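Here are the chains, one letter per residue:
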Amino acid sequence: MRSSKPLAAALILLSFSALPAIASGPASPFVHRKKYAMGTVFEMVVYDASPAHASTAIDQAFDAIARLDHLMSNYEPNSELTKLNSSAKLHSQMVSADLYRVIEQSLEYSHISGGRFDVTVGPLVDLWKAAILGNGTPSTAQQVAVRACVGYEKIHLVAPNQVAFVSPCLSIDLGGIGKGYAVDRAAEILEAAGIKTALIDAGGSTIYAMGSPPGQTGWLVHMRDPSRQVDPTIVMSDESLSTSEQTPPSLLATISAGHIIDPETGVPLKTHFAVSVVARTATATDALSTTLLLLGPEAGKRILAKIADTAAIWITPQGELCTVSTGPAIVLGHQFRARLPGVVGLHRKGCE
Amino acid sequence: MSDQFMRIRTVVLWSSLLLVPPAWGDVLVRWSELSVPPQKALGVRKLVVFWGSNAASAVRRARAQGYEVYAELPFEQAILAAELISRQPVTGMIMDRGQGQQEELDSTLRTLRSAHPKLAIWLLDSNGKQPQMRGQMIATRNGMLQVSSPTAQPWLDSNLPAARFEQEFHPDQPPLYAFQWEAGDSVEQANGPSAEDYSLAIAEAGAIHADLILAVDEKLQKGLLENQPASWAIWNKVKQHLSFPSSKLHGSLQPWANVGVITDNYEAAYEPMNLMGRHNIPYRVLRATSVAARNLEGLDVITVFSRPDKQALSQLTAFADQGGTVVLVNLKGTYPWQSAQPVPTADHALSYAVGKGRVIELAEPVGDPETFAQDVRRLIEKDKVLIGLWNALTTIAIPYRNLRSGEILVELVNYAEEPLRIQVRLKGSFASIRYESPDQACCQLLPPAQRDGFTEFVIPSLYIAGRVRLTPAARDSRSSTIH
Numbered sequence: 001m002r003s004s005k006p007l008a009a010a011l012i013l014l015s016f017s018a019l020p021a022i023a024s025g026p027a028s029p030f031v032h033r034k035k036y037a038m039g040t041v042f043e044m045v046v047y048d049a050s051p052a053h054a055s056t057a058i059d060q061a062f063d064a065i066a067r068l069d070h071l072m073s074n075y076e077p078n079s080e081l082t083k084l085n086s087s088a089k090l091h092s093q094m095v096s097a098d099l100y101r102v103i104e105q106s107l108e109y110s111h112i113s114g115g116r117f118d119v120t121v122g123p124l125v126d127l128w129k130a131a132i133l134g135n136g137t138p139s140t141a142q143q144v145a146v147r148a149c150v151g152y153e154k155i156h157l158v159a160p161n162q163v164a165f166v167s168p169c170l171s172i173d174l175g176g177i178g179k180g181y182a183v184d185r186a187a188e189i190l191e192a193a194g195i196k197t198a199l200i201d202a203g204g205s206t207i208y209a210m211g212s213p214p215g216q217t218g219w220l221v222h223m224r225d226p227s228r229q230v231d232p233t234i235v236m237s238d239e240s241l242s243t244s245e246q247t248p249p250s251l252l253a254t255i256s257a258g259h260i261i262d263p264e265t266g267v268p269l270k271t272h273f274a275v276s277v278v279a280r281t282a283t284a285t286d287a288l289s290t291t292l293l294l295l296g297p298e299a300g301k302r303i304l305a306k307i308a309d310t311a312a313i314w315i316t317p318q319g320e321l322c323t324v325s326t327g328p329a330i331v332l333g334h335q336f337r338a339r340l341p342g343v344v345g346l347h348r349k350g351c352e
Numbered sequence: 001m002s003d004q005f006m007r008i009r010t011v012v013l014w015s016s017l018l019l020v021p022p023a024w025g026d027v028l029v030r031w032s033e034l035s036v037p038p039q040k041a042l043g044v045r046k047l048v049v050f051w052g053s054n055a056a057s058a059v060r061r062a063r064a065q066g067y068e069v070y071a072e073l074p075f076e077q078a079i080l081a082a083e084l085i086s087r088q089p090v091t092g093m094i095m096d097r098g099q100g101q102q103e104e105l106d107s108t109l110r111t112l113r114s115a116h117p118k119l120a121i122w123l124l125d126s127n128g129k130q131p132q133m134r135g136q137m138i139a140t141r142n143g144m145l146q147v148s149s150p151t152a153q154p155w156l157d158s159n160l161p162a163a164r165f166e167q168e169f170h171p172d173q174p175p176l177y178a179f180q181w182e183a184g185d186s187v188e189q190a191n192g193p194s195a196e197d198y199s200l201a202i203a204e205a206g207a208i209h210a211d212l213i214l215a216v217d218e219k220l221q222k223g224l225l226e227n228q229p230a231s232w233a234i235w236n237k238v239k240q241h242l243s244f245p246s247s248k249l250h251g252s253l254q255p256w257a258n259v260g261v262i263t264d265n266y267e268a269a270y271e272p273m274n275l276m277g278r279h280n281i282p283y284r285v286l287r288a289t290s291v292a293a294r295n296l297e298g299l300d301v302i303t304v305f306s307r308p309d310k311q312a313l314s315q316l317t318a319f320a321d322q323g324g325t326v327v328l329v330n331l332k333g334t335y336p337w338q339s340a341q342p343v344p345t346a347d348h349a350l351s352y353a354v355g356k357g358r359v360i361e362l363a364e365p366v367g368d369p370e371t372f373a374q375d376v377r378r379l380i381e382k383d384k385v386l387i388g389l390w391n392a393l394t395t396i397a398i399p400y401r402n403l404r405s406g407e408i409l410v411e412l413v414n415y416a417e418e419p420l421r422i423q424v425r426l427k428g429s430f431a432s433i434r435y436e437s438p439d440q441a442c443c444q445l446l447p448p449a450q451r452d453g454f455t456e457f458v459i460p461s462l463y464i465a466g467r468v469r470l471t472p473a474a475r476d477s478r479s480s481t482i483h
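Protein sequence lines correspond, in order, to chains D and G.
With my numbering applied, the first sequence corresponds to residues 1 to 352, in that order.
With my numbering applied, the second sequence corresponds to residues 1 to 483, in that order.
Check before you lean on any hint, since a few could be wrong.
[Said to hold, decoys possible] The calculated lysine-lysine pairs, modelled on BS3-like cross-linking and capped at a C-alpha distance of 27 Å, are:
no.: 1; chain 1: D; residue 1: Lys34; chain 2: G; residue 2: Lys237
no.: 2; chain 1: D; residue 1: Lys34; chain 2: G; residue 2: Lys40
no.: 3; chain 1: G; residue 1: Lys332; chain 2: G; residue 2: Lys219
no.: 4; chain 1: G; residue 1: Lys118; chain 2: D; residue 2: Lys34
no.: 5; chain 1: G; residue 1: Lys384; chain 2: D; residue 2: Lys129
no.: 6; chain 1: G; residue 1: Lys382; chain 2: D; residue 2: Lys129
no.: 7; chain 1: G; residue 1: Lys332; chain 2: G; residue 2: Lys310
no.: 8; chain 1: G; residue 1: Lys219; chain 2: D; residue 2: Lys34
[What the hints assert, rightly or not] Here are some of the chain D residues that sit facing chain G, going by a computed Cβ distance under 10 Å:
no.: 9; residue: His32
no.: 10; residue: Val45
no.: 11; residue: Glu76
no.: 12; residue: Ser79
no.: 13; residue: Glu80
no.: 14; residue: Arg147
no.: 15; residue: Cys149
no.: 16; residue: Thr247
no.: 17; residue: Leu251
no.: 18; residue: Glu298
no.: 19; residue: Ala299
no.: 20; residue: Ile303
no.: 21; residue: Ala305
Honestly, the hints are just simulated from the structure, not real lab data.
This structure is a prediction, so every number in the text was calculated from the model and none was measured.
All C-beta atoms in this analysis are idealised placements derived from N, C-alpha and C, irrespective of residue type, glycine included.
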């Protein structure tokens, strides 16, 4: 599957702390594995008394991710999504439960965001890819033609398993939600195998924390901070975190394109923010992180305020930041707080 | 012809011979147990033992088992120990350069080589990296997981930059490096590195044309000595890769690259080089004092990390004048091209038109090597890109060319250690494409597709190591389309 967030690394600094235990005695064993899938490195850390059991569970979870990668890829010519993209514009198409479910969930986030999250934006992404490669900006006519192919409302779902496109040129790209969906399925598999404590990381842009490491209340996660001043952290347990940010600007050439395209304008999003969002599932955080980046802090806060157990933080390279929470507590670094006398916790420039 | 001219010619000839790099791609096994399995069983010829209290006994036993034995020791102890070592049945001595200064190292090497002409004396970089695909988390002994990568794309720990640097600065010896295995999780701590981990290390050394001292885990050493089937099952997989890199096959191969990296400072250029390698942008390292026109032949873009002297400036200006692109990184100063009107091309970059080409001055260090590497790729004109890979984010492809035959050889290493189907595009027109790997007998013919001056082909399944040989199309074999 094409990654929609190649540079949106959460840059997570995690301590899964067996630290006190290690200092005072033998730590619970953990197993740490990596696998290349969906254009990035998936990692899993599992605590279990039996490393062999942990390894087997991880293998099963990785198998599921590989299966979903093949299913949701719009790069592989024989993937189920590729076949859907070529045939659903002609007639409604029966799809697997997983593909139906992920499309259904993506449409929910399209509704929530008023269309700013849109899995049909792929043709626009492709159009702007050439610009990212330094091959010039697409013409207005090209942009208009491609925008006619975009729109989540042109996807029709018929439960339990049928999909149809009401457009001759529509296609779905699950890059903005697929990794999160795969992380959730992997978590289900670990849980079904009896694993209580695990961390699943999809290339740093989406992670899921299951349970708590031995002796801890949760997994301490250092979130993406382009300013290197704020050092926001969160202690996560049975929660997910995703991060989005636009492609960083070129160092040598004037290239205005980025990989995140705003469906509303049809052009690459211009923003300096990196946004990290916390929620109960990885599907939710993956979709919401892109959405909140597109919306910005002001509108993003209004959306998140309506969703229970969520939190988000927007940070610019200059250290401007904004947070919102309906539950999870994002904590700012001591050094940053010390630099803001009189401000308790948050520096809200650009937030309201 | 005068006697004096003959003498000069003889000196030049001998100097040239001395500068011919010796064979490369050797894997030396570092062994710490006193006993060792027979040489034929282990499948390696060269064994390395630390020079310590039991070393003399270990050396004798290893010799009796048929190995060429090398004594490894810190460079600081080399002068004192050399005499004693030379009386042992060792083939050579390997000095770990540690923190030694270059001049001191070179001087010690000269002294020792002169005093012990029968002893092979090599310099070792023991600070190599364990080749691996790195994620966002690193499990360390105290249980911390730390960030390692500024991008979400697979981050590859590779020894390619160090090898290219060494090849420029010590052309009289193949780069020789060693690394320490990272501790890993509880399974790795219990079992040691996997067969795939060993194989990847061997594959990388062969692909980058360097020599490697491979540390064999103590548990595996004991298992092999005790004839444990599980240990031999691991080692037999490793042996497949040990026999794959073969210096005999590649007599006059040269790295094929169109990007130059001028640097005397490895640290300053390391990350940009690492990311260029990761993006399959073939590059050559040049020291700032060796920037001559002949060294710039074939280059399209030159990145400069060390301040060029007057001679180098003149060459760089001429290079740009003829259509090349020069990128100066964080080297503020007064330069000849600054008489032209600068054009800001990014926040901290100015571009100067010079003849048919340009010079870009980046006024800060490379903070984001990933973006820098992508920028360098963009600076190469489309029809001059030497190699492109698709579906291969975990693969490094390193092209070489045979200057005599025009044959191109591409060494591939897949750091994901899982089979990948990879599409490759190479500049030039090639009639025959043969693929070989440790996993299958030589060679599989791959069908080429010619498109717009490029040859495209698909490698059906690259596991860890692979090698592609491309024979130029007949009409191109004399005056090759590649440069």
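(request) Go through the hint on Ala299 of chain D and say holds or violated, using the shortest Cβ distance to chain G against 10 Å. (result) With a closest approach of 25 Å, the Ala299 of chain D hint is violated.
(request) For the pair we were handed, Lys34 of chain D and Lys40 of chain G, check the Cα-Cα distance against 27 Å. (result) violated, 35 Å
(message) Tell me if the interface restraint on Val45 of chain D is satisfied: Cβ within less than 10 Å of some Cβ in chain G.
(response) holds, 7 Å
(message) With the threshold set at 27 Å, check whether the alpha-carbon distance from Lys332 of chain G to Lys219 of chain G stays at or below it.
(response) Roughly 53 Å separates the two Cα atoms, so the pair is violated.
(message) Hinted pair, alpha-carbon criterion (27 Å max): Lys384 of chain G, Lys129 of chain D. Please report holds or violated.
(response) The given pair, whose Cα atoms are some 20 Å apart, holds under the 27 Å limit.
(request) Starting from Lys118 of chain G, check that the Cα of Lys34 of chain D is at most 27 Å away, please. (result) violated, 47 Å
(request) Grab the minimum C-beta distance from Thr247 of chain D to chain G and call the hint holds if it beats 10 Å, violated otherwise. (result) Holds, because the Cβ-Cβ distance from Thr247 of chain D to chain G comes to roughly 8 Å (cut-off 10 Å).
(message) Is the interface hint satisfied for Cys149 of chain D? The criterion is a beta-carbon contact with chain G at less than 10 Å.
(response) Violated. Min distance 24 Å.
(message) Please check whether Glu298 of chain D passes as an interface residue: C-beta within 10 Å of a C-beta belonging to chain G.
(response) violated, 26 Å
(request) Please verify that hint: Glu80 of chain D, Cβ, nearest Cβ of chain G, below 10 Å or not. (result) violated, 18 Å
(message) Would the hint linking Lys34 of chain D and Lys237 of chain G be met if the CA-CA limit is 27 Å?
(response) holds, 21 Å
(request) Please work out if Lys332 of chain G and Lys310 of chain G have their alpha carbons no farther apart than 27 Å. (result) holds, 15 Å
Of the numbered hints stated above, those contradicted by the structure are hints 2, 3, 4, 12, 13, 14, 15, 18, 19, 20 and 21, listed in ascending order.
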